[in-house]
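Novice: Residue numbers (the numbering used here), protein chains in the order written: chain C, 115 to 307; chain Z, 115 to 307.
Just to be clear, a hint being listed does not mean it is correct.
Derived DSBU-like pairs: lysine-lysine, alpha-carbon spacing no greater than 30 Å straight-line [claimed, not checked]:
no.	chain 1	residue 1	chain 2	residue 2
1	C	LYS154	Z	LYS164
2	Z	LYS117	Z	LYS154
3	Z	LYS176	Z	LYS162
4	Z	LYS176	C	LYS164
5	C	LYS117	C	LYS176
6	Z	LYS176	Z	LYS164
7	C	LYS176	C	LYS162
8	C	LYS154	C	LYS176
9	Z	LYS164	C	LYS164
Calculated from the structure, these hints are not laboratory results.
Number of protein chains: 2
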Amino acid sequence: MSKGEATRETILDAAGELVRTVGFAGMSIGTLATSTRLSKSGLYAHFKSKETLQLEVLEHAKARFLHEVVIPAVAAPRGEPRVRAMFENKLRWNSQPGGCIFVAAASELDDQPGPARDRVVRDQRDWLDSLAQVFGTGITEGHFRADADPEQLAFELDGVMLSYHHCKRLLGDGTAESRARTAFESLLARARA
Amino acid sequence: MSKGEATRETILDAAGELVRTVGFAGMSIGTLATSTRLSKSGLYAHFKSKETLQLEVLEHAKARFLHEVVIPAVAAPRGEPRVRAMFENKLRWNSQPGGCIFVAAASELDDQPGPARDRVVRDQRDWLDSLAQVFGTGITEGHFRADADPEQLAFELDGVMLSYHHCKRLLGDGTAESRARTAFESLLARARA
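Isolated chain C, as found in the complex (with noise of 0.2 Å):
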């Protein structure tokens, strides 16, 4: 990696954790500056406007999203253990610390179309797609019911990451992470054959 693509991963890793935290609309050029100690102008040398950053930032947390919890997942045997080190990567990515930065950008874009909002919804699409594949396998591999429905497993899925998510940042709540296995058993269980 040259010293301007260090840079710019250093001032993306900052970025994404003033969006975990105070959102996109408390991350400007000005609080990045702040945070990553670099000049405004050495900051949009790098990106041109708040809307490229903004992108850039979705595009790298993205990255760094199927690195740390997808690829990883697909690793595994296909079927039940698939699945499992989906979850598992999944607590993982929302217990850092700020949470998980699509749902923070889902819930202040929702209502602010724009090119922002176009790549969380491509993301939470293509992450609800990742889940119902994996549990597809499940069904191949003759670990989930034939009749089992991939995708409402994934709507559920989501929901217990979504519950475990508040509980747990919001409230503290240190029952939330044995709330959610619980929940994920229970969700495997109704899945298998």
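Using the hints, position chain Z against chain C.
Specialist: Just chain Z now, kept in the frame of chain C:
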């Protein structure tokens, strides 16, 4: 209701709509003056600071939530009918323009300590407690298993509602409601005696 109280209600409804669409970060005396066509000085006469305005918006939303979701549900017979009424009322609440103000506020404020965050935490705890209590009436009435866990059921039902909120508002997914209903019926089936 006096003219002053009526104006106050109008302002708080408009402020709640702003929070649902652009968040607390985008709701200020300035944007509120534009949306209500009242003067900034007129608004300052009602709310002394942005912070008191935020708290009053949440208080007003809570009153509306109790009036539209919780109180009419508690009027339904104890047990399963009351759980169904909570679900239907919350589904309607989440479907209003801009979605649920508490979902928006939770995501925006989860990393911003202060009185507004404290209020959102209290309201979310009250909501989960109300849900658990209503599931509890289902146990007493013999509709649900004696060993059903009301807090776990509340956690899972809140997840279904959050997933619905996400799919419907962000993705504009036409299947969101039927997915939520399927998940809800499955939750009830698991709770039943």
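Novice: Each hint: holds or not?
Specialist: Evaluated hints:
Taking the CA atoms of LYS154 of chain C and LYS164 of chain Z, the gap is near 29 Å; set against the 30 Å cutoff, the hint holds. Of the pairs offered as hints, the one joining LYS117 of chain Z and LYS154 of chain Z holds, with about 18 Å between alpha carbons and a cut-off of 30 Å not exceeded. For the hint pairing LYS176 of chain Z with LYS162 of chain Z, the CA-to-CA distance comes to about 21 Å; that is within 30 Å, so the pair holds. Our distance criterion of 30 Å between C-alpha atoms is broken by LYS176 of chain Z and LYS164 of chain C, whose separation comes to about 35 Å.
Note on LYS117 of chain C and LYS176 of chain C: the hinted pairing holds, with a Cα-Cα distance of about 22 Å set against a maximum of 30 Å. For the suggested pair LYS176 of chain Z and LYS164 of chain Z, the alpha carbons sit about 18 Å apart, so the restraint of at most 30 Å is met. Restraint check: the Cα-Cα separation between LYS176 of chain C and LYS162 of chain C comes to about 21 Å, which is no more than 30 Å; the hinted pair holds. At most 30 Å may separate the alpha-carbon atoms for a hinted pair to count; LYS154 of chain C and LYS176 of chain C meet this at roughly 25 Å.
A C-alpha spacing of about 26 Å is found between LYS164 of chain Z and LYS164 of chain C, which places the hinted pair at or below 30 Å, so the restraint holds.
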